[in-house]
Amino acid sequence: MQIRQDVVRSLAAAGSGHLGGSLGLADVFTVLYFNMMNHQPENPSWPDRDRLVLSIGHVAPVLYATLATAGYFPKEELLTLRKLGSRLQGHPGRDHGLAGLELSAGSLGQGISVAVGMAISAKMDKKKHRIFCINGDGELQEGSVWEAAMSAAHYKLDNLTVIVDRNKLQIDGKVSDVMEIEPLKEKWEAFGWEVNECDGNNIAEIFQTFENVDYTNGKPTVIIANTIMGKGVKSIENDYNWHGKAPSTAEADQFIRELLSANKPQNSKF
Amino acid sequence: MYKNKGDKPTKSGFGEGVHEAARQNKKVVGIGADITKSVGMNLFADSFPERFISMGIAEQNCMAAAAGMALSGKIPVFATYAVFSAMRTTDQIRISVCYNNVHVVIGGAHAGISVGPDGATHQALEDIAIMRVMPNMTVISPCDATQAKIATQKAILELNGPVYIRFGREAVPDFTFEVQEFEIGLGQQLRTGNDLTIFATGHMVWEALQAAEILSKENISARVVNIHTIKPIDEKIIIKAAKETGAILTVEEHQVMGGFGSAVAEVVVKHHPVPMEMIGMNDQFGESGQPNELMEKYGLSAENIVLKAKQLIQRK
Chain A
2 MQIRQDVVRS
12 LAAAGSGHLG
22 GSLGLADVFT
32 VLYFNMMNHQ
42 PENPSWPDRD
52 RLVLSIGHVA
62 PVLYATLATA
72 GYFPKEELLT
82 LRKLGSRLQG
92 HPGRDHGLAG
102 LELSAGSLGQ
112 GISVAVGMAI
122 SAKMDKKKHR
132 IFCINGDGEL
142 QEGSVWEAAM
152 SAAHYKLDNL
162 TVIVDRNKLQ
172 IDGKVSDVME
182 IEPLKEKWEA
192 FGWEVNECDG
202 NNIAEIFQTF
212 ENVDYTNGKP
222 TVIIANTIMG
232 KGVKSIENDY
242 NWHGKAPSTA
252 EADQFIRELL
262 SANKPQNSKF
Chain B
21 MYKNKGDKPT
31 KSGFGEGVHE
41 AARQNKKVVG
51 IGADITKSVG
61 MNLFADSFPE
71 RFISMGIAEQ
81 NCMAAAAGMA
91 LSGKIPVFAT
101 YAVFSAMRTT
111 DQIRISVCYN
121 NVHVVIGGAH
131 AGISVGPDGA
141 THQALEDIAI
151 MRVMPNMTVI
161 SPCDATQAKI
171 ATQKAILELN
181 GPVYIRFGRE
191 AVPDFTFEVQ
201 EFEIGLGQQL
211 RTGNDLTIFA
221 TGHMVWEALQ
231 AAEILSKENI
241 SARVVNIHTI
251 KPIDEKIIIK
261 AAKETGAILT
271 VEEHQVMGGF
281 GSAVAEVVVK
291 HHPVPMEMIG
301 MNDQFGESGQ
311 PNELMEKYGL
321 SAENIVLKAK
331 QLIQRK
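Line order of the protein sequences matches chains A and B.
Take this note's numbering: the last position of the first sequence gets the number 271, and nothing is skipped along the way.
Take this note's numbering: the last position of the second sequence gets the number 336, and nothing is skipped along the way.
This is chain A alone, in the form it adopts within the complex (with noise of 0.2 Å):
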C-alpha cells in the first residue's frame, strides 16, 4: 500500500509517466522483493543475487518506489523522477548509477532475451541465482518475445520466471481489440513452458504461486498474472486512459485518500 502512494506521488511529482500498470504490478513486486527474491540492498552488485529484469521500463515508478522501500535509495529520491539529472528515468537507465537496477530497459521486446542470456550465463557458472523477467500482455505481441520463449525451453532455463502482467489492457484499447494474444496459456505450454496462472492483486494467492514454481524441473516457469490496472484507485481502475498518464497533484491527492479507503482493514474494532 505504500508502495502504491509513492508510486502515485513520483508520478505527481514528475508530470508524466504510467500509472495504471505501476499501481497494478504494486503486489507481484512487494512479493517478489519482499518474500521472493535473495538480494541484499546494501550489497547490490552481490553476484548471488536473483535478478529482476523489468522488460515493461515504462512501468519503472513501481520498480523505483519498491527498490526505494527495499533500501536500495533514498524515499526522498522518488520524487525526482523523469527529472533533469535524476537517477530515476522515465524508462529505467544504468547509466544514471541506480543501484538495484538490473537493466536499462524500455523498447518492448527485449528483456525477456536478456533474461534469456542471464538465465545461460548462470547455468554455465552452475551457479543457484534465479531470473525473474515482468512482461506485459501486450508486449506479447513482440515477435521476439517468442524467439526468447522458444531458446528458453531449449536450454531448460527453469531458473528463470516470467511474470506476464495481465490486465488485458494497452495504450489503444483492450489488447484483444488491439490483437489478441489468447489463448495464452496454451501459447506458453507450446512453447515448452510450465504454465501458473493467479491473481495478480492478491499478495497471499501471488506468494503462494510463487512457492510451487519448480526451480529444478527443466522448465522455464511462466506466471500469468491477472492484475487490474490502476489497482487500488477505484475510480481509474480498468481504465486504459491511465496507462500512460500522471496525476495532477489534486488528483493524487484524491487518489491517495482512494487508496488509504480502499486499505482501511472490514470489520475491524478500531
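Read the hints as simulated data drawn from the structure, not as lab findings.
Any given hint might turn out to be false.
With a Cα cut of at most 27 Å, we get these calculated DSS-like pairs of lysine-lysine [claimed, not checked]:
id : chain 1 : residue 1 : chain 2 : residue 2
1  : B       : Lys-263   : B       : Lys-290
2  : B       : Lys-57    : A       : Lys-124
3  : A       : Lys-127   : B       : Lys-46
Quick caveat, the model's predicted, so the values are computed rather than measured.
Assemble chain B onto chain A, guided by the hints.
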C-alpha cells in the same frame, strides 16, 4: 611495398581471432544464428562446444541475450551476416547493448558488395553508417585476414564496451603482418605521399595501395592510410594528411552517405577543409555477379581510384 601473402577471407581472420581470445579468456562465449561456419565461428564452436550457444535463426533474441550474458560477466561474441547483425537487430543493439554499455562483440560478416552472387539482400552496405551513430559503440573494419585476427582478439580482450567488427566473405589479398603495430583507434599510414591522401577501409585498402602504385608511375605521390577503426576515428592522422597533402580521397565498400567517407569528412570540415572525393556505393543497392565484376562496375577498383585521384588533385 606490401606484398600479397596469398588470398584469404577476412572472416577467417575473425574466426581465428575469436578462437585465440577464447583460448586466453574463459569468459568468452559464442552465440550462433545457424550460419556458424559461414561467418568463421566454427573454429571456436568446435574447440569450445560448452561455450557455444546455438540460438537458431532468431537474431533479435541472440543480440539481447548477448547483452544479458555480458551483464552476467561473460564476453559474448555474436556473429552473423552484417545485414542481420547490424540491421535486423538495430533496436536490440541500441537499447540492450549500447544503452546498457555492455561488452558485446558483434561480428558483421558478408559485408560489402564483394559478397557477389547472393545479390543485394545479402550485401551489407549500410552497416557502418548505422553502427557508428550508436553511442558507446566502437566500429572496426580490418583490411585483411591477418589484421582481422589481431583486431578481433584485441576487441574481445582489451575493449570494455559494445564493438562491431566488419568483415567480408571473399578471399582477398592478405598483406599485413602479425608483428605490425596495431592499436584500436589509430590509423596506419601504409605509404608515404604528398599530392593527396587516400583513406581506405576494409577490402579497399589493398585496392588503394595498388592505385597509389599506378599513380606513382604517373608522378603522382599518393599517401595511403588504412583506417581500420572507423569509430573512434583517428582525427590526428586525418588532420595531418589534410594539412600536408591538401586533398583527401576516401574509399569504402559501403554507402558513401553516412559511412566511412562521411566519418572522414566530419573531421576534415571541422579542422582543415580541403578538396575531398568519396568512392563507395552511391545511394544504391548491389546486385548479383562475380565479386571482381561488381567491384569494377561500382567503381571499387584501383583503376577508378586512380581516375578519381587525378580529378581530385585538379581541384587543389
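Verification of the supplied hints:
1. Only pairs whose Cα atoms come within 27 Å are accepted, and B/Lys-263 paired with B/Lys-290 is accepted, the gap being roughly 13 Å.
2. Between the alpha carbons of B/Lys-57 and A/Lys-124 the distance comes to roughly 26 Å, so the proposed pair stays at or under 27 Å and holds.
3. Taking the CA atoms of A/Lys-127 and B/Lys-46, the gap is about 14 Å. The hint holds against a cut of 27 Å.
Checked against the numbered hints given earlier, the structure satisfies every one of them.
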